[in-house]
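Undergrad: Line by line, the protein sequences are chains A and B.
Using this note's numbering, count along the first sequence one by one with no gaps and you end on 127.
Using this note's numbering, count along the second sequence one by one with no gaps and you end on 322.
It is worth saying that the hints were derived from the structure and are not from the lab.
Note that the coordinates shown come from a computational prediction; the quantities given were computed from them, not determined experimentally.
Quick look at which bits of chain A chain B covers, simulated, 3 or more residues with Cβ under 8 Å:
(1) 17-27
(2) 54-65
(3) 68-80
Rough simulated footprint, nothing fancy, chain A against chain B, three-plus residues with beta-carbon under 8 Å:
(4) 27-38
(5) 123-133
Ideal Cβ placement from N, Cα and C applies to all residues, glycine included.
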Amino acid sequence: MSFANLSSPLAFDRRALLAVADGDIALMRDLARLFLVDGPQTLGRLRLGLAGGHGVRVQMAAHTLAGSVALFGDDRSVELARRLESLGRRNDLAGAEPVAVELTAAVDALCHSLAQFLEDTAECPSS
Amino acid sequence: MSAAVAEAEPGFKTPADAAPALPLALVVDDAPLDRRMATAIIEKCGLRVECAADGCEALAAIGRAVPAVIITDLQMPNMDGLQLVEAVRADFPWVPVVLMTSRGSEEIAIAALHAGAAHYFAKRNLKTELPVVLPQVLAAARTDRRRHELLSCVEHVDCRFVLDNDPAMVPLLVAHLQEQLERMGLCDKSSKIRVGVALEEALLNGIYHGNLEVSSVLKEESEGAFRRLAEQRRRQEPYCRRKLSVDVHLNTTKAVFVIHDDGPGFDVTQLPDPTDPENLLKPSGRGLLLIRTFMDEAVHNAAGNQITMMLRRRSSPVIGNQ
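Let's have the full structure, built from the sequences with the hints guiding it.
TA: Spelled out as structure tokens, the structure:
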């Protein structure tokens, strides 16, 4: 299957992920499936931390998210997660809510793109 | 690896699937995507991989199968990377731990390196750096493990150390002897500390009270005055010429330490009874109490300038006459 022929407006850089996964589409699919489960869960932990005013929880969840979204070349989500990580570390959550809202939207878009990617590559062999 | 982690990680190879001859790497990270990426890269390096989501899961995995190398994240819930490094260094010192660092974890990374981590790389460079770091660390660990195995074959050691009156040398000698005792199976991790305390007390007694003739009464009155006088005498005749000799005889059943100072000695019959609770808090008797408690035997010569201590090998972790 020609990966270059896959074309749809996506929230992540397929070529970046292809490079990270060393051309291994099965691995890319694994990573996409994992994020579809883990991304929203981590986001949920971040929102809980925010609601409870727990800077450390916000920091840890944002740290995990930043690492995960970086794999997909989603620079905007990385930036938002890093900002939340920094706010959490300083336990300065006053301005965190709008950033979290924006990150939630970005992660939703990424999940949508990843689901699309899995559909597009459904015929590729699994690992 | 927990069942939950196995389920969440497509493509994970269980030990039963993998060739048993391949060395095992343990990947520790709370982020499933990072675990999966690291697994893919390490498998390409020719290792089997097991995964854990935090330090607690990692220790449980190590309990089931000791890996050849551990690759760990730093910021994790329950038990972080630093705590994991400390635990591994304490119980599996020959297993190298490699740190995956990321932005925001610089301080904990430095602490973990000080605690004994073997190497580190930036997580963002996982794909390029891990295949370089892994063979380096494995080769170094292999050499270290073989050396450890060789030294564990030692059955008999006789040696003598002759020290000047420098108290700073004492912890170094004690650490060396503790390592030797542990390697020969004469003490375990818990009793090692107690034996170390006894050795340190005996060595410092020989330096301060034996060679330098600084009284423990002065120590009771003023620790500062005690230290100043000791420092002064280290450079004065006749004290500065005196040496502390330490004869060590180790075999597979017992350890004997003979510590001899060149001082005038003392009347051992005048020592306060260290087993009398009345004397428990007196500095003059405390060292001897610890020595007699932590060693199986401890006797002075008639002149009072030599102590012979004996420690028997025992299966129980408790050492001494408690």
